[in-house]
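Undergrad: Residues per chain are reported as follows:
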Amino acid sequence: MFPANIEQYVRPQSVAEALAACAGYDAGEAMFIAGGQSLMQAMKSRMTRPRCLIDLQAISELKGICTDEGAFHIGAMTRYVSIANDERLTGYFAALRDAAHHVGDRQVRNRGTIGGSCCWNYVASCMPAVVMGLGGEMKLQAADGSQRSVTAEDFLIAPLETARADDEILLAIRIPQPAGRGGSAYKKWGLVKDALPVVGVCVAVTLDSNDRCATARVALAGLSAGAHRATAAEQALVGTAGDAAAIAKAFDAAANAADAQGDKWADVAYRQNLIRTLGQAVATSAFARAAGHRE
Amino acid sequence: MELKQQIRINAPRARVFAALNDPVLLQQAIPGCEGLTEGEPGHFEATVAAKVGPLSARFKGNMQVQDLNPPVSYTLVGEGKAGPAGHAKVRASVMLEEDGSGTLLNYVVKADVGGKLGQLGGAIIDRTAQKLAGDFFARFEPLIADPATATADEAGATAVEAAAPGTTRQPTWGVWYFMAAVSLALAAWVLLH
Amino acid sequence: MQTVTITVNGEAFKEAVPERLLLVDFLRERLALTGTHVSCTYEGVCGACTVHLDGDAVKSCLILAVQADGHEVTTVEGLAKGEELSALQKAFREEHGLQCGFCTPGILMNMTDFLKHNPNPTDDEIRMGLIGNLCRCTGYVHIVRAVRTAAKMLAASAA
Amino acid sequence: MENQLKENTQWMGARLERKEDLRLVTGQGKYLADIVLPGMLHAVFVRSEYAHAKILGIDTSAALETPGVVAVLTGDDFKTDVKSMRQPVLLPNLPAVYPEYFALATDKVKYHGDPIAVVIARDKYTAEDAAELVIVDYEELPVILDAEAALEPGAPQVHDDQPGNEMFAMTFTGGATEEEQRQNEAEVEAIFKAADVVVSNRFRVHRTGITPMEPRGVLCEWTMADGLTAWITTQRPHIDRLALIDILDVPGEKVRVIAPRDQGGGFGVKAPFFRENVVIAHAARKLGKPVRWIESRYESLMSVGQERDQVNTMDVAATKDGKLLAVRNRGIANNGTGQTGVYWGFVMPFLGQVEMPNVYTWEKGDVKLRVASTNKACLTPSRAFGHFPTRFAVERSVDMVARRCGLEPSDVRRKNMIPKLPYTTVTGEYYDSGDFLKVWDNLLTNIDLPAFRREQAALREQGRYIGIGFACGAELSGVASELLVPMENQPGYGAATVRVDPRGKVMIYGGDAPGGQGHETTVAQVVASTFGIDPKDSIVTTGDTGATPFGAGTIGARAGSYFVSAVHKACADLKEKITHVLSHDLDIRATVEEFAFINGEVIYLRDPSKKKTFREIVERIIMFPVNLPEGEVGGLEATAFFEAAKPMICFNGDFCIVEVDINTGEFKIKRWVTSEDVGNVINQNIVDGQMHGAIVQGLSNAVYEEFIYNEQGQQMTADFENYKLATAADVPDIELTYASTPCVHTPLGTRGIGEGRPSSVPGALSNAICDALAPFGVEITELPLRPSSLWAKIKAARA
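Protein chains in written order, with the numbering used here: chain A, 1 to 295; chain B, 1001 to 1193; chain C, 2001 to 2159; chain D, 3001 to 3799.
If you are wondering where the hints come from, they were derived from the structure by calculation, not from laboratory data.
A few of these clues could be false.
[To be verified] Okay, derived cross-link-like pairs now, DSBU-like style, lysine-lysine, Cα gap no bigger than 30 Å in a straight line:
id, chain 1, residue 1, chain 2, residue 2
1, D, Lys3124, B, Lys1081
2, D, Lys3124, A, Lys249
3, D, Lys3286, C, Lys2090
4, D, Lys3054, D, Lys3254
5, B, Lys1089, D, Lys3054
[Stated by the list, open to error] Short derived list, chain C residues pointing at chain A, Cβ under 7 Å:
id, residue
6, Thr2074
7, Asp2123
8, Ile2131
9, Gly2132
A quick note: this is a predicted structure, and the numbers were derived from the prediction, not measured.
Cβ atoms here follow ideal geometry from the backbone N, Cα and C, with glycine treated the same way.
Put together the whole structure using the sequences plus the hints.
TA: As structure tokens, this is what we get:
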């Protein structure tokens, strides 16, 4: 279980250099490596055989978390451990920490990055669903230096497929601060602790002045479609006070609407039940966080 | 895995059937198809470069047409190999119904993926297969609508009707076999993380 | 082939390596530091190959040697200062925190990093911290105890 | 003097730090993968993509053209150059239909992962590159995966030389003749007809087992002068050596097998004799260069560590007050291909039925087993050898009887527990010594059952469901020749050589090959306490057939029973000689009993002024063998063999407390408590560690692990992402208590422990869950115990 031959390894110092390094290779022959926690598995099992590996570790402009007008910019090369430990990520942004705390294991969190996870967009992964749940915007730069911004929904096309071109780099993920008081949460279930999500649920809500749900975003992880919104639940939550009954109703709707697959970890009915039970727990803490309650 | 679908194609049945038997047209329609060639009569070989996101594989396969009943139905049986990555076995049944000016195309693909591919495959396979089917028809429909190909198709159609079952030289199998095999291959890749 | 300079346990090694050489093979086969083990082969799930890269616990089977170029690596061979074992090493002996010892180096490296960030952990925190290390002999009971004991030792020596 | 004599036993039972650990915590252990020989080549296997297929052809040309590739060998090389794997030394003395097979697949492949070819190259990366280029032309054959279906007429044949796929069948009760057996069946049936309570179930236990963290490996060197030296990750180097001699057909003096001093766990998986050993040894001979193979986890999960996989259809008859009367069981085991020497898969289910009656006083039993070959990997031994499924079945049945009678399961167990040993069970298993009731009563002191029932009732009011589950089990503590000769065609005695050196140090040599059990420490403690020296002053060598006496291997909890007893016996022989020479030197007439070996001195008890240091006297005997007593010669070395008069056992009782979430089917283990009879303890840490590990393995097997094959026989769980092991965060702390009785058959009263210990786990756990869910009448008869299946049962019960 060793990687197939790699012809070239480069470690550019800037995004421009990194993009330039793709030149001379056909699409997909040159690959960017971020934390490598997924790509290395694929290379070692020889499911992918890049001729050239472009290591993004030295590009400082891709790292770190900063804020502007309340929005958070998370550099694509920001490691899970940095997100898990960033105490600014509360309220509407708390789901990021919920997820980052439980991705893989300590060693993976020390190495894996949020950008890598979103660009790999594995079918059972936490970060894509959380970024989608929080209404994230993906900032990309192309070989000609031009930049564009894509919503998480448009970016995360299908498992392993994203809107990123092979010679395009994800710079950062921007999570805008919504109007009003917001709260979010994320939780997943796997057979063993912190396993890849058999089902993961991210809920982000905002409250109006009467503590009623003004906006709601719900994203699911672990279903065969990959990260996607659960609009049924969103519609059911808006306008409610986030009480147990309303939440239960919303996630019954989500469970019934879900295109859940059965596998060795959970049959269809159990997956739907996980959407129900996880959703209720997650939505409850999202509302509590929005209302500013201590957990 | 088993994949069942019904698609309405806005073209008469004979033309659809013929188009499904036109190697040139199929090669254009099958995502990543690098070529279809006929070996000994009724035995066909083809290569498809499958790609999903960062992962890719090259499939070589062969397939045979069975129970040919133009322009209504036929069955395709075959298998393909993706080198050390594994193999796929496919059985596809196709049935065309007239539907006004158009055609209802029903197909059932039963495919088994083995080797590393199969081990890494899983529940996601059906979904990816459907997606590929979608891609195929997105490319297929405009091609038959294109009058440049239409005449050739009509000719193909008569050829098919003339052909005795089992001895057909029509590489119809190409679409179904490769859609299934490739879908499964891709789906399997997808399961890597 | 690419020439890399990797500092391992304080000593700089300059070596020409194939681009695809895994860091764990660089350590084991080029430097004969065989304390770092390979158990799950390719997934990076078992944690037996855990080392420190610039001080952080990472899995050396999911990193290429060329990626470690210019970085500092610490392996289990680098934990003891001469004859003086680290607190964790002592605690693992005292509490019988190992049996076959195959997973032990990875666990020592991960938990050394863990205690640096969490000097006074609860048992649940220790168990969650150990998710990236599989052990088949001990049932983890004595491992958890050993980490707890090491935390006490470190606290005592700090005081 | 009395006090000093007490001090002398300070090493027995001590929580001594292990001698092994200094090297292991500093990364200085030497495992097989750490051994490198000059010019060593690397092997990678090409394995079957199909579960069952004819091999029409193998094209190795592209692989051979790869720069750095030295050779590619296929089945043909082995069919012609070496003998078949079916050699007498590897055949149990049990009436089974043993299929012939070779080191590499020849005409057809029989499971997904069957070795077809081996690529040997100068480095392992190149070997893997080339292995991808070996093209195998297959013709698929129908696949048979289900054991019961495999035994049906007309099922696809796994082996041409094994008609009907029946590998092994046996009746364990009633007697030797069919006549006696039929008679017994009728008598059992009569008991069932008259019984107040009959509980009938079909218990299915999935395919799971054990995955040592160190995968397998082989390194072979062949020189003209010395022949073959094979380093193998193995639990029984001496049997491996005999097998290599016979299969490679080379003279015995030309073969030496070395199990590395450090091995990353075995748990049974490294006990069989594997085909890869022959392939690598033959390659080394053919190429004249050292060749090494290190198994990948992917190969490992596809080829070994798979066990259990049994269906047991069990009926239990009892009186309404909970007296167990009779047990009838029909076991069917899925053997896979059965192509793995020593055990051939079926030996595990065989022992599983022998041990099925457990510790209950059944009046009668009617027990039969059938073992079927299928297109799955061959069963390999996994800790709890064969009886994990039967123990689950019998412990679940006892609880169902208790529920039917409205009695506490713990009372029903106690009521039916064998009150006095020795005892021979309905399947003929002999329980030598111990006190089951003492162990059980000690277990019960850890829980106030009436209080628990009150709490349980109160919580149910609030919609919370907690439950308590009990289980117990006796297991073999080392296996005597009496059973090992029929079962594994090898002796059961323990053997040890003890050599004293002139500086007063003691070297011990044993034929076992440990993988983490701590032999170096426990043996040193035994030597220290018999010679009155420090454990630091002894060193243990194991695993090298060139240096050690024949040993059965590190299997079936032998260390604490057979090995240490042999060591003790050899030390005793040397004490005789030492005291004989010493009394001669001191000019006294005294027997060995009149001397004390204490704190590095040998003291004449009647006159403590008469003494010598241990070092003085041994140096005198070894280096200055003059003026010796009549008939003595110099030197101090003894080899002793120990065989117990009878098979020995150890015993345990467990309970656990769980809480089940009825909305998700998830369950949390709140307590796991045990009571153990381990005999006299040499090192308490090591005994505790064995128990912790075994119980958590049982939990991991029962809940998380499962080997899955799809309908085509594709192995779908070949990595740890799909074959889940319990992590530290998934399992509870374990509360161990002891109520031991010294074993009457070992010189030190010790018992071998730890091997079969996981077997009580699935029973206790599922009993607890069923107790928690009693209001819904949920009964568990299948493993694994997954939240998803539990949730479905609860949902069905509530609907």
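Undergrad: Hint by hint, note whether the structure agrees.
TA: Taking the hints in turn, this is what the structure says about them:
no.: 1; hint: D:Lys3124 - B:Lys1081; result: holds (25 Å)
no.: 2; hint: D:Lys3124 - A:Lys249; result: violated (57 Å)
no.: 3; hint: D:Lys3286 - C:Lys2090; result: violated (47 Å)
no.: 4; hint: D:Lys3054 - D:Lys3254; result: violated (36 Å)
no.: 5; hint: B:Lys1089 - D:Lys3054; result: holds (17 Å)
no.: 6; hint: Thr2074; result: violated (13 Å)
no.: 7; hint: Asp2123; result: violated (14 Å)
no.: 8; hint: Ile2131; result: holds (4 Å)
no.: 9; hint: Gly2132; result: holds (3 Å)
The earlier numbered hints that this structure contradicts are 2, 3, 4, 6 and 7.
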